[in-house]
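Participant: As given, the protein sequences belong to chains A and B, one line each in that order.
Position 216 of the first sequence, counting from 1, maps to 216 under the working numbering, and the rest follow consecutively.
Numbers given in the working numbering equal positions in the second sequence, counted from 1, plus 247.
No lab work stands behind these hints: they were computed from the structure.
Hints should not be assumed to be uniformly reliable.
Partner residues are not named here, just some residues of chain B that face chain A (Cβ under 8 Å, in silico) [unchecked claim]: (1) A270; (2) Q277; (3) G281; (4) Y284; (5) G328; (6) L391.
Covered stretches of chain A (chain B as the covering partner; in silico rule of three or more C-beta atoms under 8 Å from a C-beta of chain B) [said to hold, decoys possible]: (7) 60–66; (8) 170–184.
For glycine and all other residues, C-beta sits at the position ideal for the given N, C-alpha and C.
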Amino acid sequence: MSVEDVHTLSGAYALDALPAPEREEFERHLERCEACAREVRELSETAARLAGAVALAPPTALRDRVMGRIGTVRQDPPPGAFGGLRRRTRRMLPGLALAAALAAAALGGTTVWQWQSARDAQREVQQAQEHAALLAQVLAAPDAVVSSGALPGGGTGTVVVSAGTNRAAFMTSGMPAPPDGMVYQLWFDDHGAMRPAGLLDPAAPDEAVLMDGALDGADGMGITLEPAGGSPQPTSDPLAVMEFPSA
Amino acid sequence: MEPVPTDLPAPGPPAPELGALLALVAQGDQDAFGAVYDRVAGPVLGLVRSVLRDPAQSEEVAQEVLVEVWRRAAAYSPDRGTPMAWIMTLAHRRAVDRVRSAQAASDREHRAALLDHTPAYDEVTERVEARLEREQVRRCMGGLTERQRQSVTLAYYRGLTYREVAEVLALPLGTVKTRLRDGLIRLRDCLGVTA
Ligand SMILES: [Zn+2]
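Start from the sequences, fold in the hints, and give me the full structure.
Facilitator: Set out below in structure tokens:
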């Protein structure tokens, strides 16, 4: 294949129209050719739009089968390290195992204390799951409004507000760690009065959290640096504030 | 407290949050996956069905694709394109792998039937966005030359390789490669796709 020739394969590649050997050859070319790589990204997005145009209403049974399957299919590990949520999930799973072990012990007639620990562990797991579900619900709400932007110290903050669920979520990406003994705290802005809305995990540069408490008419949010454990009122000027869009 | 100037921009329209949902799916969040399913199952099934034609086999492959999204969610990153494009690439790849492993295109159907084929534009869901999307794609497809449109349709909606497209349309290989690329570029511009 001549050199001029190979660049024209971007269209065929984006449409999956290359036989396997040529596909692999072109993928090697893509690693070296930035122009083709960019064009392939655009043309693949274009192809995906063509898929949207032939969408079908999937039968309910398909959803049931897929949702059933994922309960049994183990997920591939991520290619690289990610942020806080994953770590939290890992903590959650041993909790579940502990709960099961303690519940089994309780059945064998052990102490009330152990049984209560098991109950607490189960409750913790359940709360974490409910939290994740509610977060997903806010993110997926049909009325969700999103704003994001660079944070002054580096990284990106994104706030998702859903009037329908009366909740808000905050996501960070590439956020620098707070100074030792400090923590980032979120606030709802109730027309000038700041209401605590939760802490970010100091060890997580990328995180998605459900903001604590209901929106209840808050017209904005802020983020401050606070001593570990958080504060009932802000003790420093906000790093960033943003108004919620009126939906 | 004193409001501090911020460089957070003015809120825009609701952004597609498939990426945020996928990040949750990568954490093992089944509810987030349910939300992803509701967004993508229609296009996945439609695309697979357009390539495979057989309804039962299409559902089976669509199911494999959707479970693959669950399994591989952690592998998605924005530098691979939008989540939708990533998922549609998985879907198309699975569908063509299935159809190409079965038979050569020339054996699959008569050429006339292939040429006759128009994608299943009319069987779509009732959702307004889907209908608008279909109208826009149809309009942009109408802006292609006949050869471009046939080449793109046979490759994408029918899963033919460019060599098979060349055979079906009785065109030189180089011409088909060019038609596929020119056609997609024209569609990209008409649909306003940026990446
Ligand atoms: Zn190139």
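Participant: For every hint, state whether the structure bears it out.
Facilitator: Hint-by-hint comparison with the structure:
| no. | hint | verdict |
| --- | --- | --- |
| 1 | A270 | holds (7 Å) |
| 2 | Q277 | holds (6 Å) |
| 3 | G281 | holds (6 Å) |
| 4 | Y284 | holds (6 Å) |
| 5 | G328 | holds (5 Å) |
| 6 | L391 | violated (12 Å) |
| 7 | 60–66 | holds (count 4) |
| 8 | 170–184 | violated (count 1) |
Going down the numbered hints, you'll see the structure goes against 6, 8, while the others check out.
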